[in-house]
Structure formats: structure tokens, C-alpha cells
Amino acid sequence: GWQPQNMICPPGLEYLIPLDRVFMTQKVDGWEAVTGFHQKNRYTIINAQGEPIYMLKEDSGWFGRALFGNSRSFTIRVTDRNGREALTLQRPLQFVGD
1 GWQPQNMICP PGLEYLIPLD RVFMTQKVDG WEAVTGFHQK NRYTIINAQG
51 EPIYMLKEDS GWFGRALFGN SRSFTIRVTD RNGREALTLQ RPLQFVGD
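Numbering (my numbering), first residue to last: 1 to 98.
Please note that the accuracy of each hint is not assured.
Dumping the calculated DSSO-like pairs for lysine-lysine here, alpha-carbon to alpha-carbon at most 27 angstroms [unchecked claim]:
hint : residue 1 : residue 2
1    : LYS27     : LYS57
2    : LYS27     : LYS40
3    : LYS40     : LYS57
Pairwise CB distance ranges (calculated) [said to hold, decoys possible]:
hint : residue 1 : residue 2 : range
4    : ILE17     : SER71     : 31 to 39 angstroms
5    : GLN49     : GLN26     : 18 to 26 angstroms
6    : PRO92     : LYS57     : 13 to 21 angstroms
Everything labelled a hint here was simulated from the structure, so no lab data went into it. Ideal Cβ placement from N, Cα and C applies to all residues, glycine included.
Construct all of the structure, not just a fragment, from the sequences and the given hints.
Set out below in C-alpha cells:
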């Protein structure tokens, strides 16, 4: 795979250095499909061989999910396969027109 020279890599993201592609799968919650109530999203990032590299878990409140749906604010915590937090993603509440 592609690997840049002299790269300074933040801890936890070193798994990505030798890879030229990754894939993301979403864990679908059957309860959400039946009720339509938004659950906390969960994803897995895998390499080309299908091996899990990172787990992503949404942290959001039930009220925001129920009231704002896909416009809600949330935090996603990305952990490596050893459970170490590698990255945190945050999105504020999205208003129409933003």
C-alpha cells in the first residue's frame, strides 16, 4: 500500500499508514427498523481483508435523536481493536439552511 515518507502519526491512527483503502459498515439495529426510533449508530472500519480496525460508537441523547433525527448533534468515539480511543468526532445540531 501507499505510505508517505516522514509522517508523524497521532497515536491510534498508525493502523491506517500501510493501507490504501478501508471500508465502513454500519451495524443495523432491528429495533430501529421496526419502531422508526433512531438508535445510537455503530460502525466498524475494516481493511481489504475484512479485518476490523476501528469501532465507531455514537454518543447522543435519546431526546435529540427523537426530536431532531438526522439533524441532531452527536459525538462519535473511534476506538482501535484494543479498545484505545483513537479519535473523537463531534457534530453540532444542524439547522435547515446551515
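Is LYS27 close enough to LYS40, meaning Cα to Cα at most 27 angstroms? Holds, because 10 angstroms separates the two Cα atoms, which is no more than 27 angstroms.
Check the hint pairing LYS27 with LYS57 against an upper bound of 27 angstroms on the C-alpha distance. holds (10 angstroms)
Next pair to validate is LYS40 with LYS57; report whether the Cα-Cα distance is within 27 angstroms. Roughly 7 angstroms between the alpha carbons, so the hint for LYS40 and LYS57 holds.
Should the hint that ILE17 and SER71 are 31 to 39 angstroms apart at their CB atoms be regarded as holding? Given range 31 to 39 angstroms: holds, Cβ gap about 35 angstroms.
For the range 18 to 26 angstroms, tell me whether the beta carbons of GLN49 and GLN26 fit it or not. holds (20 angstroms)
Hint says 13 to 21 angstroms; check whether the CB-CB distance for PRO92 and LYS57 agrees. With Cβ atoms ~19 angstroms apart, the hint holds.
Comparing the model with each earlier hint shows no violations; every hint is respected.
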